[in-house]
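Model the full structure from these sequences, guided by the hints.
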Amino acid sequence: MELLLDSLFNGVAIGSVLLVAALGLAIVFGLMGVINLAHGELMMLGAYTTYVTQLIFKLPILKSFYNSYIIVSIFLAFIVSGVVGILLEKTIIRKLYGSPLETLLATWGVSLILQQFVRSVPLAYGTGLVISLIIGLFLPATFPPKIKESINFKYFKFSSWILAALTGVLTGSIISSTVSKLSRASARNVDVTAPSWMRGQVEILGTAFPKTRLMIILITIISVIAITLFLNQSAWGMRIRAVTQNRQMSDCLGISTEKVDIITFGIGSGLAGVAGVAVSLLGSVGPNVGGNYIVGCFMVVVLGGVGNLLGTVLASFGIGIMTDLIGAGRLLSIWPDMPLPLSNTINFFATTSMARVMIFALIVIFLQFKPTGLFPQKGRMVEN
Amino acid sequence: MSLGKFKFDKRIVLSFWIILIALIIAAPTLLPVFRLNLLGRYLSLSIVALGVDLIWGYTGLLSLGQGIFFALGGYCAAMYLQITSSSEFPNNIPEFFALYGVEKLPFFWEPFKSPIFTFFAIWIIPALVAGLIGFLVFRNRIKGVYFSILTQASLLVFFNFFNGQQKLINGTNGLKTDVTQLFGQMVGSESMQRIFFWITATLVIASWFFAKWVVRGRFGNILIGIRDDEPRIRFTGYNPVIFKTIVFSIAGGLAGISGALYTVQSGIVSPQFMTVPFSIEMVIWVAVGGRGTLLGAILGAVFINYAKSLVSEALPASWMFIQGGLFILVVTALPEGVLGWIQGDGPRNLLQKLGLKRKIETYPSLEVNNKEVNNE
Numbered sequence: 001m002e003l004l005l006d007s008l009f010n011g012v013a014i015g016s017v018l019l020v021a022a023l024g025l026a027i028v029f030g031l032m033g034v035i036n037l038a039h040g041e042l043m044m045l046g047a048y049t050t051y052v053t054q055l056i057f058k059l060p061i062l063k064s065f066y067n068s069y070i071i072v073s074i075f076l077a078f079i080v081s082g083v084v085g086i087l088l089e090k091t092i093i094r095k096l097y098g099s100p101l102e103t104l105l106a107t108w109g110v111s112l113i114l115q116q117f118v119r120s121v122p123l124a125y126g127t128g129l130v131i132s133l134i135i136g137l138f139l140p141a142t143f144p145p146k147i148k149e150s151i152n153f154k155y156f157k158f159s160s161w162i163l164a165a166l167t168g169v170l171t172g173s174i175i176s177s178t179v180s181k182l183s184r185a186s187a188r189n190v191d192v193t194a195p196s197w198m199r200g201q202v203e204i205l206g207t208a209f210p211k212t213r214l215m216i217i218l219i220t221i222i223s224v225i226a227i228t229l230f231l232n233q234s235a236w237g238m239r240i241r242a243v244t245q246n247r248q249m250s251d252c253l254g255i256s257t258e259k260v261d262i263i264t265f266g267i268g269s270g271l272a273g274v275a276g277v278a279v280s281l282l283g284s285v286g287p288n289v290g291g292n293y294i295v296g297c298f299m300v301v302v303l304g305g306v307g308n309l310l311g312t313v314l315a316s317f318g319i320g321i322m323t324d325l326i327g328a329g330r331l332l333s334i335w336p337d338m339p340l341p342l343s344n345t346i347n348f349f350a351t352t353s354m355a356r357v358m359i360f361a362l363i364v365i366f367l368q369f370k371p372t373g374l375f376p377q378k379g380r381m382v383e384n
Numbered sequence: 001m002s003l004g005k006f007k008f009d010k011r012i013v014l015s016f017w018i019i020l021i022a023l024i025i026a027a028p029t030l031l032p033v034f035r036l037n038l039l040g041r042y043l044s045l046s047i048v049a050l051g052v053d054l055i056w057g058y059t060g061l062l063s064l065g066q067g068i069f070f071a072l073g074g075y076c077a078a079m080y081l082q083i084t085s086s087s088e089f090p091n092n093i094p095e096f097f098a099l100y101g102v103e104k105l106p107f108f109w110e111p112f113k114s115p116i117f118t119f120f121a122i123w124i125i126p127a128l129v130a131g132l133i134g135f136l137v138f139r140n141r142i143k144g145v146y147f148s149i150l151t152q153a154s155l156l157v158f159f160n161f162f163n164g165q166q167k168l169i170n171g172t173n174g175l176k177t178d179v180t181q182l183f184g185q186m187v188g189s190e191s192m193q194r195i196f197f198w199i200t201a202t203l204v205i206a207s208w209f210f211a212k213w214v215v216r217g218r219f220g221n222i223l224i225g226i227r228d229d230e231p232r233i234r235f236t237g238y239n240p241v242i243f244k245t246i247v248f249s250i251a252g253g254l255a256g257i258s259g260a261l262y263t264v265q266s267g268i269v270s271p272q273f274m275t276v277p278f279s280i281e282m283v284i285w286v287a288v289g290g291r292g293t294l295l296g297a298i299l300g301a302v303f304i305n306y307a308k309s310l311v312s313e314a315l316p317a318s319w320m321f322i323q324g325g326l327f328i329l330v331v332t333a334l335p336e337g338v339l340g341w342i343q344g345d346g347p348r349n350l351l352q353k354l355g356l357k358r359k360i361e362t363y364p365s366l367e368v369n370n371k372e373v374n375n376e
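Just so you know, the sequences run in chain order A and B. For the first sequence, this note's numbering assigns the number 1 to the initial residue and increments by one for each residue that follows. For the second sequence, this note's numbering assigns the number 1 to the initial residue and increments by one for each residue that follows.
What the hints contain is simulated information worked out from the structure, not anything from laboratory work. If a hint is listed, it holds; no wrong ones were tucked in.
Calculated lysine-lysine pairs in the DSBU-like style (CA-CA distance at most 35 angstroms, straight line):
| no. | chain 1 | residue 1 | chain 2 | residue 2 |
| --- | --- | --- | --- | --- |
| 1 | B | K353 | A | K154 |
| 2 | A | K181 | B | K308 |
| 3 | A | K259 | A | K95 |
| 4 | B | K143 | A | K370 |
| 5 | A | K181 | A | K63 |
As structure tokens, then:
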């Protein structure tokens, strides 16, 4: 029983990282049919945001709030990745609407650039750049409608970008002069240390659970609930669902699909940032950290089916639990006296990498029976 | 031979081929050994690019897993070389087996003692694997992005498998070929490398003609039909599954040949051939060269790799930026690739924009008809 609980917990922990990472991908894919290969790099940005936040909270002014930095960094990571995602949508993805394969290649290019960016630009100036992006993109939206409608609005926009650039350079240089760790570019991995209240373990029913894992599960639960409420209760959520179901019809009924695309992409990317915070708690953070998760996320999306969050949830927990059962060889300890050939096979797959082999093979077999995933979208189109 | 709308005189075509063949024969004397070896490797990569062009450019299947077949071909060739030159090692098996306490050659390597078997295995095994993966995927009408993701996942499956199996294939370390012997000669030696260069050049030309033959005629038309409107092809009475499977396994076979040639010239095959970035790079060679133009795939593979080695020698950090930018630029601004742009209306439009050529003013419908006539 204890063993089973332990195994279940591990599986849920693996699955919840996958879930929070795949959630954003699933929403974007469901809406636009776009596979965002830069999703892993948006996660990486979230993880680096956690690292930068941690270092800034070590400064004397903020020292007393140090313990709460992880909570702050969840919001910051959402904003940072979301803004980068919005920029990506506005500059590249919008142009490629309707050609998903081209989008896939372009976002791969973006992911290469982002990886090299964190290697060769000091994090302090990276932070400055992100701040100027935030100001430049959102300041014009806060102007009163009188200015927005005026013919000179483009000059206001232009000057707000200049202001944004100045603020960015200023914050970049302030950070780089106060936090020495951020002032130089480095390709080496960095480590995020959890605050003291998150270290250690909690005992439930005689089994010890690491607190960081519980925190990740909590983050995942909150994200899933928040996104479900947003999609099902808010006006924009309704518009997003409408566009997911039928883009042309929604457009005809007066929904601004352009805005829906931006909002969805922003939220999807922001969730990648939140996933980045979770990932940073698990191990060291490097430019390639996103790549380790991205294919797993795709598998979740493929397995779960499009446009249904329940499918995504079930698929990620399914994959998580299977990974743990196969990879740690737990099946053997649960059922010790199984026949020899079977136990040999299980031993053969009882490493993390071989468990991946097994799971992908199982997914391909599963898709033979249900090619469109667990919960397919019903339609009458030939292409569906 | 035709480059876009320009039809060349027979004599020009003949002299082009004579110059090309002369260049290939003379290349070992013109280039230093290091550059010759690089050129040979890039030429072998252009064979896998031809395969990618067949499945992506003509059939519209974006595979992100061509690295599987590339590496399989490489492993077949490398294992044969290791086995034939293992007579002085204990148990007459390749040296690395001793490290993991393996005393007998694993059974599936047994046939690789024969050169004839290996010769066929290099392209038939990857083609069969590709056919199997393709059939399982296409049978369920999985296509578009789903297909790309599944091929990428299979790539990871193979990568993890090859990476983890030390006892069977030497795991992460891969198989070295440059110190092995072939017909009494060192594979890594200069004279051997020269022969490999010639073999590669010949095979590139041969596979170019083969690919041209594949896309010609009704088979090629159906492939293009699948790319442009698959349901319509199905409703017309063709079964797209068969055509897609065949073309996917042809691409797999080409990738296998390419991998074997690349392996003997680079001196090692390892699971690194099955990493995700490498397989996506193959797609970008075709995208830059021009998808749907076979010559573009060859030129793209050679030139981009050449540029990569030049840039990486000078500024190591900037290649990633350049490559990423290239992906975005080609996809957004030059979707037909460089050769596609030249063959299409690109140059004329450019000249018109610069005011050097008068705009043709016709009805749009006439222009469409005009285009069709030109394409024939």
